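Undergrad: The opening position of the sequence shown corresponds to residue 3 in my numbering, with each subsequent residue numbered one higher.
Hints are computed from structural coordinates only; laboratory data are not their basis. It is possible that some hints are incorrect.
Quick list of in silico lysine-lysine cross-link-like pairs, PhoX-like style, CA-CA up to 20 Å [to be verified]:
hint : residue 1 : residue 2
1    : Lys204    : Lys192
2    : Lys9      : Lys35
3    : Lys71     : Lys82
4    : Lys147    : Lys71
5    : Lys71     : Lys9
6    : Lys212    : Lys192
Have a look at the derived ranges for each label pair, beta carbon to beta carbon [to be verified]:
hint : residue 1 : residue 2 : range
7    : Asp122    : Phe81     : 40 to 50 Å
8    : Leu74     : Leu172    : 48 to 58 Å
9    : Gln206    : Pro24     : 16 to 26 Å
Just so you know, these numbers come straight off a predicted model, no measurement behind them. Virtual Cβ for every residue (Gly too), placed ideally from N, Cα, C.
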Amino acid sequence: MLLSDLKSYIDDYLDVREFSDPSLNGLQVEGFKECTCIATAATASLETIDAAVEEGVDTLIVHHGLFWKGQLMPVVGAFKDRLNSLLEANINLLAYHLPLDAHLSVGNNRYLCDVLGLSDIDYIVPGRPQSIAMQGILTEPMTVKEIAEHLSDSLDTRVQVLGDCDEQLLISDIAVCSGSGSFLVDENMKPSFHALVTGDVKEQTYHFAKESGSPVFVIGHHASEQGGIKRLGDHLSRHFDIEHRHLHFSIEKAAKIYDKSSI
């Protein structure tokens, strides 16, 4: 299929025009005119791009691209290496940020809702996709410990729980926000949900989680944004009958941890 047709379809499917976004959503680097094999990944890192080249794909679709609105930077260092790798292989790069987080079927937040088994799913501002985050109800209440263990197993990541709460505390109403969603607690001392699942947080989030009584499950930014882009790739593969390969690198588990016990 033509690159232009693929881009137009994704733009419409994710309703890109309805979002105000710092990302340059859509086509970021042009390569092959024809698309026969796509790869998806969370971030257009050099590791990702090199893996896409090795896989022999013609199109790479990511959540975090290379270009952001208002960005002005020289093409040097790591940025130059990423761009060179794409251009030398003639690979297309498409990126979709907030529209992918918010999509009600394939989005990152819907994926996290499904991992948790939530029902009655809606946006944090009901009926408004531009509010990005979602909220839902557990079919059966789970303890803080059970939720943390389930997220760790399902997403292959380390999970931190912020807030001064009993690990046997039962939770039923959960908000999810992939990436950096701590604002849902930081800016709301009386949240409507029992707990928040998000990628990363600010320093003040621990204090607000403790004081509001709403535990925050921190699963890692990268781990929180694998599901949506893979689901988008799977959808495109079925819809257009093209090959799809998801490129996943477990950043949270790959990181070296140093504390008193390891010194």
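Undergrad: Each hint should be assessed against the structure and marked as holding or not.
TA: To see whether the hints hold, each was checked on the structure:
1. For the hint linking Lys204 to Lys192, the alpha-carbon distance of about 18 Å falls within 20 Å, and the restraint holds.
2. Restraint check: the Cα-Cα separation between Lys9 and Lys35 comes to about 11 Å, which is no more than 20 Å; the hinted pair holds.
3. For the proposed pair Lys71 and Lys82, the alpha carbon gap of about 18 Å is at most 20 Å, so the pair holds.
4. For a cut-off of 20 Å, the pair hint linking Lys147 to Lys71 is broken: about 40 Å separates their Cα positions.
5. As the CA atoms of Lys71 and Lys9 are separated by approximately 19 Å, the hinted pair is consistent with the 20 Å bound.
6. For the suggested pair Lys212 and Lys192, the alpha carbons sit about 12 Å apart, so the restraint of at most 20 Å is met.
7. For Asp122 and Phe81, the hinted distance range of 40 to 50 Å is satisfied, since their beta carbons lie about 43 Å from each other.
8. For Leu74 paired with Leu172, a C-beta distance near 50 Å keeps the hint of 48 to 58 Å intact.
9. The hint said 16 to 26 Å for the Cβ distance between Gln206 and Pro24, and at roughly 22 Å that hint holds.
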